[in-house]
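Participant: Order-wise, the sequence lines are chains A and B. Sequential numbering from 1 applies to the first sequence in my numbering. Sequential numbering from 1 applies to the second sequence in my numbering.
Rather than coming from a laboratory, the hints here were simulated on the basis of the structure. Fair warning: this is a prediction, and the values are worked out from it, not measured in the lab. Please note: incorrect hints may appear among the correct ones.
As the list claims (entries may be wrong) - DSS-like mimics (lysine-lysine), calculated; alpha carbons at most 30 Å apart, straight line: (1) B:K49 / B:K26; (2) A:K185 / B:K49; (3) B:K86 / B:K26; (4) A:K416 / B:K26.
Stated by the list, open to error - FRET-style restraints, in silico, Cβ to Cβ: (5) A:R547 / B:C227: 20 to 28 Å; (6) A:E507 / B:T118: 51 to 59 Å; (7) B:L367 / A:E507: 58 to 66 Å; (8) B:I130 / A:R350: 51 to 59 Å; (9) A:R372 / B:I226: 49 to 57 Å; (10) B:D298 / A:R350: 40 to 48 Å; (11) B:E133 / A:R372: 37 to 45 Å; (12) A:M276 / B:Q368: 44 to 52 Å.
For each residue, glycine too, the CB sits at the ideal point set by N, CA and C.
One-letter residues, chain by chain:
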Amino acid sequence: MEPAARLDQNHELTLKDFPYIIRWRDDRCKRCGRCTAVCPMLSIYPSVKAKRTVGSFGPVPNPKVERSVETVVKQSTNIANYCTGCATCSLVCPNEAIEPEFNPAHKFLTHKNTGGHPYTRGGRRNDPLVSTLDRLKFTRISMLTDPALDAGRHEFRIRTYLGRILPPDELPIIAADDDRLAMDKNSTKFIPPVREIYPVMIGSMSVGALSPTMWEGLAMGITYLNEVEKMPVVMCSGEGGMPLRLLKSRFIKYFIPQIASGYFGWDEIIRAIPHMVEDPCAIEIKYGQGAKPGDGGLLMAHKVLKLISEIRGVPTGVDLPSPPTHQTKYSIEEAVAKMIQSMYMAWGFRVPVYPKISGSKTAKAVLNNLVRNPFAAALSIDGEDGGTGAAYNVSMDKMGHPIASNIRDCYLDLVKAGKQNEIPLIAAGGVGKKGNLAANAAALIMLGASAVSIGKYMMQGAAGCLGDENNRCNVCNLGRCPRGITTQDPKLYRRLDSEKVAERVVEIYKSLDVELKKIFAPLGRSTELPIGMSDAISADDPAIAKRLDISYVC
Amino acid sequence: MCRLSAITSGEYISPMENVLSLETMKEGHDGSGMGLILKDLGGEFESYKKYPILSGICSKSGMKELDNFMSAAGFKSVHSWHPKIKPVTGVKLRDCYFANVYDYPDEFQDKSITVKETLLLDTRLKLRSIGQEDESIIVFSFYPDILTLKEVGDPLQLSEFFGLDTSLLKAKIILAQGRQNTNYAINLYACHPFFIQGYGSMTNGENRAFMPIRDYLTSRGFPGYICYNSDSEGFTHILHYTNKVLGYPLKYYKDVITPLKKEEIEGRPDKDFVMYMKMCLRFLCIDGPNCVIGFTPDGSCFMVQDAKKLRPGVVGGVPGKYALVSEQCGLNSAISERDPSTDIYPMRYDMVIVSPQAKEVRVWNQLQGWTKTMN
Ligand code: SF4
Ligand code: SF4
């Protein structure tokens with residue numbers, strides 16, 4: 001028997017199954033077509049509907065029927081064309097006639113697996129709840145016997161170190177005269193390179209994942225901060241190389257080229273080394289990413305256009321997956337040690353080299369290993385709230401380790417070994433998730449991080465990224481970024497003005513600096529970064545306080 | 001804010017001089033306690049210079065236990081001093097205040113000073129832990145030519161209580177602190193000055209970087225860096241760590257606790273070392289507000305402030321006798337015969353060092369080097 005489904009749409013989804021439902025107002029719409037043209041998902045489309053109006057005019061009932069055909073805007077119920085809630089349609093509508101509305105009762109994840117393909121996306125973990133970092137507050141306020149400082153008047157040194165620091169008893173020193181010491185120039189002891197940097201750095205986002213205008217905007221902002229504002233903010237390149245012009249410029253010292261398991265872009269970097277006029281700030285070796293632990297990087301074919309193929313040294317239009325681990329070695333400890341050393345060798349042992357891992361219960365074991373490797377310059381740990389350009393939804397939402405307890409455990413382990421000043425910990429993943437950038441960064445520092453790394457906050461703050469933890473937008477993987485941030489399509493990325501991005505980067509850092517001072521001043525700290533000053537923070541939840549070994553307040 | 005009074009002299013002086021100087025600065029302390037460290041002792045201790053002195057307070061049973069412990073450890077009692085206690089209202093009398101002089105156990109007689117110092121520290125820490133719970137044994141120092149007295153109360157009353165006004169107790173370097181108590185439960189171990197292996201110091205203000213400093217010191221693997229009943233005990237241990245363990249000349253103490261900026265270090269003749277040292281010891285940076293006054297084993301005394309100079313301090317005197325105090329009125333009381341126009345008010349980059357026997361005073365500036373000499 002022929003099923004009736006074909007007739008009554010039984011196998012179609014209803015709009016109520018979708019995470020965002022478009023509210024379109026017939027009365028306001030002037031049918032300009034801008035919304036349907038701009039929608040990156042093709043979720044809305046112009047359509048027609050037949051309308052039958054029954055009316056009676058005059059004193060005597062005399063019903064008349066009128067039939068008309070009207071143009072309307074309709075929302076697709078095809079799962080591939082789901083509305084992401086990005087609201088670009090609202091942005092372009094001249095009459096405020098259209099906007100997406102979040103539907104908390106949606107069944108999106110149940111259906112977004114057609115063809116046996118699990119849901120993939122970009123963005124962040126979809127968890128709109130308050131993170132641990134936002135449950136911490138600064139409670140040791142200087143009063144009376146130890147006056148608070150003046151955030152506006154006192155001098156604050158908000159700096160940190162990136163690089164392996166020798167313990168004081170291993171420093172090769174000699175007495176230069178009666179009461180003066182000097183470094184022993186004849187000593188053969190290796191003194192690792194160390195950089196003094198601003199403690200909040202921009203984390204690894206690749207040219208490729210980001211559009212040329214976005215990446216250029218960030219790079220210009222970073223350079224301005226260093227050269228004009230004298231704030232030594234540094235930025236990591238992400239996997240996939242860097243523009244040759246930047247590699248050969250004197251500004252490379254503000255950047256950290258990343259090498260990841262696909263080694264994309266490294267042919268070009270290695271060839272550029274003889275032409276470099278400055279050393280890079282450091283080299284980051286990516287072993288993992290908080291947003292998608294166990295996955296390598298992934299640049300989808302539709303983002304591999306000419307510029308990217310040149311920088312990465314690959315053909316255009318192919319998927320560029322990096323393996324989940326570095327494939328060339330058989331023992332991870334050896335691999336890490338050898339890789340770190342090879343990278344040191346490439347720049348004559350003048351550039352700090354450090355690994356980045358995803359937050360994990362095993363982070364302490366990794367750290368333990370690195371502590372015993374005299375070349376490891378730092379350990380960057382990327383917690384589960386980190387972002388990504390492309391990943392499986394299940395990896396983003398359900399895999400990974402929150403950064404707060406991970407960084408705390410690692411720091412306390414270092415303290416136990418007396419090595420808390422030898423190997424800096426860099427914390428990342430969800431810093432500024434709810435907009436509290438300075439507070440989250442300061443809390444992580446007080447839990448034991450030497451520096452923090454931010455990514456999504458920059459995309460939001462500097463370029464207006466639309467994503468949120470209710471899965472708004474989050475289509476960074478498709479190359480259809482409505483803001484022009486994560487796309488290689490010139491039609492889209494030309495929407496983004498790199499000068500404006502650069503300006504916002506500078507504004508964000510300057511206001512961050514003020515807020516950090518506003519946190520450090522009442523704690524009375526200005527000369528050194530309050531790393532591990534855990535007596536200054538408390539949690540509003542006893543279980544969090546217990547786990548982080550800090551006080552509980554209510 | 002606690003009041004500090006240190007006097008260093010070529011001649012033996014009485015601790016009453018410090019007490020009276022504290023008295024003139026009374027506005028600033030609330031009489032919640034006084035600590036005294038005497039170094040380079042005269043009077044009845046003059047003939048025992050090479051023997052370690054154990055200073056402390058015990059209950060009756062604690063004293064017995066202490067005696068047993070010491071003799072079991074092989075220490076031989078050589079001399080015993082007890083202050084002539086005169087009960088005064090406001091000071092709670094404890095059973096036994098003492099300073100016992102011992103000879104080293106036989107097997108340590110010919111050992112190096114380093115081995116002996118380790119033994120003395122271990123012994124003090126063991127005694128401390130034995131008496132910790134019931135406060136039956138409280139020991140402040142165990143070291144040759146050092147005597148420590150501490151008690152809760154007003155300094156002037158305490159001097160009467162200990163009979164300092166009539167006692168022959170004298171020394172060439174005396175550190176005294178009148179407490180301004182910020183905690184309700186006063187623990188005598190939290191009372192300044194603090195002492196470890198020849199180094200002593202006292203501080204006013206809070207140590208806001210206490211937690212990172214404590215964690216760094218306790219993880220150095222040195223048994224003496226423990227307890228920290230006061231957040232300021234760290235200052236004494238940083239002094240010991242940098243000067244004794246790491247072997248840095250004394251002036252670098254200032255660079256460790258109040259490091260310069262990168263740009264400021266550029267102008268230093270020892271910039272390579274200072275830059276690296278700043279990184280290596282960044283956890284030992286204090287953040288004020290503090291004035292630190294202390295001495296080293298050779299008898300040098302010093303004063304430093306935090307990097308923002310949030311606590312006052314002044315050094316003045318005449319050759320052969322100088323005082324390092326927190327207020328000028330305290331200095332007037334301690335050495336009235338000096339020319340006040342030569343008084344030194346160390347600024348944020350300065351460290352004032354008075355040489356042994358109070359021969360001369362020098363000011364070392366982090367940016368300019370030695371800037372001033374007074375002799
Ligand atoms: S909100 Fe975005 S995805 Fe949804 S219809 Fe509008 S433009 Fe399209
Ligand atoms: S605006 Fe662009 S970068 Fe932001 S979530 Fe959407 S697609 Fe991703």
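Participant: Decide, hint by hint, whether the structure agrees.
Facilitator: Here's how the hints hold up against the structure:
1. B:K49 / B:K26: Between K49 (chain B) and K26 (chain B) the Cα gap is close to 34 Å, so the pair fails against 30 Å, i.e. violated.
2. A:K185 / B:K49: 42 Å, violated
3. B:K86 / B:K26: 22 Å, holds
4. A:K416 / B:K26: At roughly 43 Å apart (the allowed maximum being 30 Å), K26 (chain B) and K416 (chain A) break the hint.
5. A:R547 / B:C227: 20 to 28 Å: At 26 Å between Cβs, range holds.
6. A:E507 / B:T118: 51 to 59 Å: 58 Å, holds
7. B:L367 / A:E507: 58 to 66 Å: 34 Å, violated
8. B:I130 / A:R350: 51 to 59 Å: 54 Å, holds
9. A:R372 / B:I226: 49 to 57 Å: 27 Å, violated
10. B:D298 / A:R350: 40 to 48 Å: Hint holds: Cβ distance 41 Å, inside 40 to 48 Å.
11. B:E133 / A:R372: 37 to 45 Å: 39 Å, holds
12. A:M276 / B:Q368: 44 to 52 Å: Since M276 (chain A) and Q368 (chain B) have Cβ atoms about 39 Å apart, the given range 44 to 52 Å is violated.
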